[in-house]
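K.L.:
The residues making up each chain are set out below.
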Amino acid sequence: MSWTDRPHVRSVLRMALATRTDRRPSFARTVWDSTVGKKTVMAVSGLIMLLYLVVHMIGNLKIFFGAGEFNHYAHWLRTVGEPFMHYEWTLWLVRIVLVVAVVAHATSAYQLSRRDIRARPSKYVHKKARASYATRTMRWGGIILGLFIVWHILDLTTGTVHTGGFQEGHPYQNVVDTFSTWYGNVIYIVAMLALGLHIRHGFWSAAQTLGVGSRTRDRFLKTFADVLALLLTAGFIAVPVGVMTGVVS
Amino acid sequence: MKLTLRVWRQQNADADGTMSTYEVDGISPDMSFLEMLDTLNEELIVKGDDPVAFDHDCREGICGACSLVINGDAHGPERTTTCQLHMRSFQDGDTIDVEPWRASAFPVIKDLVVDRSAFDRIIQAGGYITAPTGAAPEAHATPVPKPDADLAFEHAECIGCGACVAACPNGAAMLFTSAKINHLNVLPQGAPERETRVLDMVEQMDEEGFGGCTLAGECATACPKGIPLMSITNMNKEWLRAARRAKR
Amino acid sequence: MTSYADYTTGEPVADTKAPAGPVNERWDKRRFEAKLVNPANRRKHTVIVVGTGLAGGSAGATLAEQGYHVVQFCYQDSPRRAHSIAAQGGINAAKNYRNDGDSVHRLFYDTVKGGDFRARESNVHRLAQISVEIIDQCVAQGVPFAREYGGLLDTRSFGGVQVSRTFYARGQTGQQLLLGAYQALSRQIAAGNVEMHPRTEMLDLIVVDGRARGIVARDLVTGRIDTYFADAVVLASGGYGNVFYLSTNAMNSNATAIWRAHRRGALFANPCFTQIHPTCIPRTGDHQSKLTLMSESLRNDGRIWVPKAKGDRRPPNDIPEDERDYYLERIYPSFGNLVPRDIASRAAKNVCDEGRGVGPGGQGVYLDFADAIERMGRGAVEAKYGNLFDMYQRITDEDPYEVPMRIYPAVHYTMGGLWVDYDLQTTIPGLFAVGEANFSDHGANRLGASALMQGLADGYFVLPSTINDYLARNPHHDTVTDEHPEVQEVLAGTQDRLNLLLSVDGDRTPDSFHREVGELMWEFCGMARTDAGLRKALERIPQIREEFWRRIKVPGTGEEFNQSLEKANRIVDYLELAELMCLDALHREESCGGHFREESQTPDGEAARDDERFAYAAAWEFTGTGEAPVLHKEDLVFEYVHPTQRSYA
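Residue numbers (this note's numbering), protein chains in the order written: chain A, 1 to 249; chain B, 1001 to 1248; chain C, 2001 to 2649.
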């Protein structure tokens, strides 16, 4: 018999092994099964969307340079990467990445939120308002943004809920139409304010989740998040404001 | 001082609880909050009522047993443990709400007493350095840079009271777990188990039913020992590093 | 009928386990002579450990590492909360890292001398030897001791010694060491080698055929009373300072485990040796539930003084330098503020008795950091003592950076405890006592930073070596069950006691009795004791006991979480232990260490030992509640450190 089969050796080995960790699941499994991992998914997907928003916001500002330039820009989006890419391939690629990011972000958020609510089933009798400010803005803000995205796509991409006659290939006019209605402005501006708050806490949170925050960097990250949130909100809201004030018409 | 107390009373884990109102008189501002509760309990016993059950032991702010949410704040208005909170922090005539830690991972045992054994299981999952007695090398064999030693100490100060969980809107135990991980992972002695430690402890933390972190920061505000929120950031970093490196 | 004070003297008791020969070889020799248990057989042995402090936690972890099946108990909700956690100052070790002339022999010498020559040389020497290994062990576990900029360990000096051998982790050394032991224990719990029972309190010891075979314990959550059986029982339940009601002990620290063991036949040694710590925060009123210690390390840089004039009510900062009496520096110029605890405490009592005390009721002296702040700068003082200063400010609402701290002595530690031999075994075979629960290493006074050292030495190194010998020599082939008549008797006794407490339904709370006996003990068996006072206490205690059983009120039932019942049950034992403490103090007609008999002092008021008559450890045998106990003496032989009048002048 091998030496490891001797009873006393086996008992000693068992003892030694008992505290050793068993085989680990795959990286993806580890990430998805853990609260910390799921937060990472949220952070990464959030940053992808944030990057997209920055580009999107800059593109939007072209509306202030007239219908020609704006429509040309919109058309260019469909031809990026040509001749290597076919017409709209790049756009679809971006769309796929974004859909994956949105779904991953929302699913993680939903699952984590359910978990969080389960973890604190009974509330304190003595209420403290501040305790859940950040959490609340993230959750409600997230839901508002989710609904907004649906409306936004139906309004300006597919034109399904567009008022004023949606014209494929004439984004300038479509935008002006949308922001010529009071509800179009309200929906959009509310959503952009929610976006600002969401980014303000979300960007800094993502940095913490990814472990890039540190005591010396914290101030910078917080300021950066504030500035980013402000710029994006202001940049996006500039469009409806432009339409309302007649700068864009 | 004369005070009105509204205290959470719950006969046992299965019973429904409710806030009961009591009046206490003759409270000295020099009394600790727990001594004020002692006074109430002495009166209740003599009247033949059931005294209010609460956890407490050292009353020096170090054992981590005391655990009351006072007016919605874990450990009350000052940044300290309940046992080190004094009545001079309140005004004559105040109404004070006293509740237990609330989290599904901390079920109520009776009144203000909760079961925090989940914390022990998190430590059991990896919050140690494997160093069997007798196997230790000479203490000076491995110098530890002072900043690292100080950082380890700062995190090792955690008393395991659970105020972080009580204060967290998600009932998360991230600050507690991260404090131990940072304490041990920053030291050279803790390096060999650096990865398994963080993965196993986080896994156990999740299994216990604690919520996730939304970085609300309430934990660090409530922590009587001042464990910083950055502790969680660092744990996330350690976790990601470990998840990437873990042997398949 | 004979009274309790009419004790009889029985056969002397002797430590038969310490080998003869040079003191520095005894531990090696004992370890070699001790029989071993085959590693494969160890898991067949169950060892019960009661308590999870430094001694219990380290013992449980180490025994489990060795392969024993450990069943461990603590009354707290987690093993991490044992009161060792509150130790502040540090842990001694003869590492001589400072190159200041320290050595194992010097630590041995200092400890025997500090204990006023009432400790056993063999044990103390072993403690000094092991001290070195403890630091290594703790560093390996990740205990974040204070370090120098070069990355090496820092040390500081402590009362009663002239070398710097105290390792520390800011003001939380006990916490850090305890967490180290707790983490080692947690690892064994996870591995299935330790079966941990938190919120479970030992209520009695099970002795079968003359050997300790288990305990009766109550689940504090459900109230369920259960028996637990084992091949050996280790008590690591701490000291009994809470007899005094006000002490620096945790509120729930209690003497029940050791007292029940004593009632079952374990001798109780030197019960009157209690340590009164000089630097505690004075009490503020009758509501006071416990006292808070300020680490002795503060005496490194703080200066202790009172006004020269009686009844000087001026604020401290208004009292000019030449009207202050730095009495410790005046009386003990070479040790100054760093004299041992018993001496510092008594000196504080003396100046307060003279009417020069400060603060409410004149029960306090100043501990002044003005000089230190001027010399080192506020930053340095803050780095060294910041957390202590914060704690002081929180409790007293006074800023110690601006106004001197007020301090007063308080009960802190009990040197006495269950009598144990060199193997830490009590007089009941199979029952071991470690840490503060035993009497072994500190004599009549413990030096600062030595309790942590002893607890860890016992738990990590001594017990795991010596318990093998007992288990190897006494294999248990029979299993004990609840049906065994001796177990039945213990179970029924426990149940009856709790039922009785619940059924009296009187009009006084448990705390009121605790406070009453505590005040009595503080007055007559505290810092200074007299024949007349002790006799008075001995007369009062049975009366309180009688009243207790007539008027105690315990609400609720035994089958639930019932903190009043827990408390009342502990007081039952205090009311018996207090009597033995007073008798021990009465019989020891000498002053030594923490035991000061006013009848026995030198012309200048120092403790006068009587080595002729009292160079022994007094081990008492229980004969019945309120019945005169039997005294067994263990003669103390000093071969290496010759008893002299302790001088710190």
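Since the hints were made in silico from the structure, they are not lab data. Watch out, some of these pointers could steer you wrong.
Straight-line C-alpha distance at most 20 Å; calculated DMTMM-like pairs for lysine to aspartate or glutamate [said to hold, decoys possible]:
no., chain 1, residue 1, chain 2, residue 2
1, C, K2567, B, D1016
2, B, K1047, B, D1025
3, C, K2308, C, D2353
4, C, K2567, C, D2507
5, B, K1146, C, D2353
6, B, K1047, C, D2511
7, C, K2567, B, E1042
8, A, K128, B, E1042
9, B, K1237, A, D218
10, C, K2553, B, D1097
11, A, K127, B, D1097
12, A, K127, B, D1148
13, B, K1237, A, D33
14, B, K1047, C, D2505
15, B, K1146, C, D2136
16, A, K123, B, D1016
17, C, K2553, B, E1042
18, C, K2567, B, D1025
19, B, K1002, C, D2286
20, A, K128, B, D1025
21, C, K2553, B, D1016
Computed footprint of chain C on chain B; a stretch qualifies when at least three of its residues, placed anywhere within it, have a C-beta under 8 Å from a C-beta of chain C [as the list claims (entries may be wrong)]:
no., stretch
22, 1043-1051
23, 1192-1198
Don't be surprised by glycine CBs; every beta carbon is placed ideally from N, CA and C.
K.L.:
None of the hints should be skipped; say for each whether it holds.
P.N.:
Outcome of the hint check:
Simply put, C/K2567 and B/D1016 have alpha-carbon atoms about 26 Å apart, too far for the 20 Å limit, and the pair is violated. Between B/K1047 and B/D1025 the alpha-carbon distance is near 15 Å, which keeps this suggested pair within the 20 Å criterion. Our distance criterion of 20 Å between C-alpha atoms is met by C/K2308 and C/D2353, whose separation comes to about 13 Å. Distance hint between C/K2567 and C/D2507 is fulfilled; the C-alpha atoms sit about 16 Å from each other, no more than 20 Å.
Taking the CA atoms of B/K1146 and C/D2353, the gap is near 46 Å; set against the 20 Å cutoff, the hint is violated. A C-alpha spacing of about 15 Å is found between B/K1047 and C/D2511, which places the hinted pair at or below 20 Å, so the restraint holds. For a cut-off of 20 Å, the pair hint linking C/K2567 to B/E1042 stands: about 13 Å separates their Cα positions. Distance check on the hinted pair: A/K128 and B/E1042 sit about 31 Å apart at the alpha-carbon level, beyond 20 Å; violated.
Restraint check for B/K1237 and A/D218: satisfied, since their Cα atoms lie roughly 15 Å apart, inside the 20 Å limit. Annotation: proposed proximity of C/K2553 to B/D1097 is violated, straight-line Cα distance about 28 Å (limit 20 Å). For the proposed pair A/K127 and B/D1097, the alpha carbon gap of about 10 Å is at most 20 Å, so the pair holds. Between A/K127 and B/D1148, the direct Cα distance comes to roughly 40 Å. Violation of the 20 Å bound is thereby established for this hinted pair.
Distance check on the hinted pair: B/K1237 and A/D33 sit about 17 Å apart at the alpha-carbon level, within 20 Å; holds. Restraint check: the Cα-Cα separation between B/K1047 and C/D2505 comes to about 11 Å, which is no more than 20 Å; the hinted pair holds. Between the alpha carbons of B/K1146 and C/D2136 the distance comes to roughly 18 Å, so the proposed pair stays at or under 20 Å and holds. Restraint check: the Cα-Cα separation between A/K123 and B/D1016 comes to about 14 Å, which is no more than 20 Å; the hinted pair holds.
A threshold of 20 Å between alpha carbons decides the hint, and for C/K2553 with B/E1042 the separation of about 11 Å falls inside it, so the pair holds. A C-alpha spacing of about 24 Å is found between C/K2567 and B/D1025, which places the hinted pair above 20 Å, so the restraint is violated. As the CA atoms of B/K1002 and C/D2286 are separated by approximately 17 Å, the hinted pair is consistent with the 20 Å bound. Only pairs whose Cα atoms come within 20 Å are accepted, and A/K128 paired with B/D1025 is rejected, the gap being roughly 27 Å.
Straight-line distance between C-alpha atoms of C/K2553 and B/D1016 comes to about 27 Å, which puts the hinted pair past the 20 Å bound. A stretch counts as covered by a chain when three or more of its residues have a beta carbon under 8 Å from one of that chain; for the stretch 1043-1051 of chain B and chain C the count is 7, and the coverage holds. Interface restraint, the stretch 1192-1198 of chain B with chain C: violated (0 residues with C-beta to C-beta distance below 8 Å; minimum three).
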